[in-house]
Amino acid sequence: MNASDHQHAEPGFVGNVPRFVSDAEFDAAFTGAPVDVQAAVFATLATSLVDQFALREFPIVAELMNDLAREVRAPSRREVDIREGLIQPLAERFYAGGQDDPFEADPAWRRMQGGVALSVLFGAAQGPGGWRDRRDALHHAQLAFGDDWPVIRTQLADQIHSGQPPE
Numbered sequence: 032m033n034a035s036d037h038q039h040a041e042p043g044f045v046g047n048v049p050r051f052v053s054d055a056e057f058d059a060a061f062t063g064a065p066v067d068v069q070a071a072v073f074a075t076l077a078t079s080l081v082d083q084f085a086l087r088e089f090p091i092v093a094e095l096m097n098d099l100a101r102e103v104r105a106p107s108r109r110e111v112d113i114r115e116g117l118i119q120p121l122a123e124r125f126y127a128g129g130q131d132d133p134f135e136a137d138p139a140w141r142r143m144q145g146g147v148a149l150s151v152l153f154g155a156a157q158g159p160g161g162w163r164d165r166r167d168a169l170h171h172a173q174l175a176f177g178d179d180w181p182v183i184r185t186q187l188a189d190q191i192h193s194g195q196p197p198e
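In this text, residue positions in the sequence shown follow the numbering used here: the first is 32, and each later residue adds one.
Source of the hints: derived by calculation from the structure; they are not laboratory data. All values reported here derive from a predicted model rather than from experimental measurement. Some clues are possibly wrong.
Label pairs and their computed distance ranges (CB to CB) [unchecked claim]:
hint	residue 1	residue 2	range
1	A100	S193	17 to 25 Å
2	D178	A85	29 to 37 Å
3	H192	D82	19 to 27 Å
4	F57	D112	28 to 36 Å
5	T75	G177	31 to 39 Å
6	R124	A93	26 to 34 Å
7	A70	A127	32 to 40 Å
8	V111	G63	30 to 38 Å
9	A122	P65	19 to 27 Å
10	G128	D82	17 to 25 Å
Idealized CB from N, CA, C, for every residue including glycine.
Use the sequences and the hints to build the structure in full.
In structure tokens:
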């Protein structure tokens, strides 16, 4: 197998976790988009994560989504609030259940990945690289959505190309 074969191989796994599939085409389109389009794409992704994985039950998520709607960047200390108010409870629920199935088949694991994606997404929005620090958020979103990721990715790519939010 030569180097070009690796570029087209199935993503494989790292332990029980599917390996992140780099998406150079999406990455280039996103990076080349104006900052307001990038922000709108992340808002769409955040809403999709919150809705798909029923994350509104966590009060911190309502605060984050309100900040997002008002285009307010949360203070950096919010990371601790997100970790304690979202990631920790999701992880506890996942680890409280049995892990007999592969991770990607476990709804609690996928929900936890959705929460991690949302957490990283908000961290990327306010970090030093701004929206450009997005790969981890996309990786966790890809893990969370699983087989539904190609549909979400297409919606986000269409939004990038049109410069408009989805209908």
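For this session: Output the numbers, in ascending order, of every earlier hint that fails for this structure.
Result: 2, 5, 6, 9
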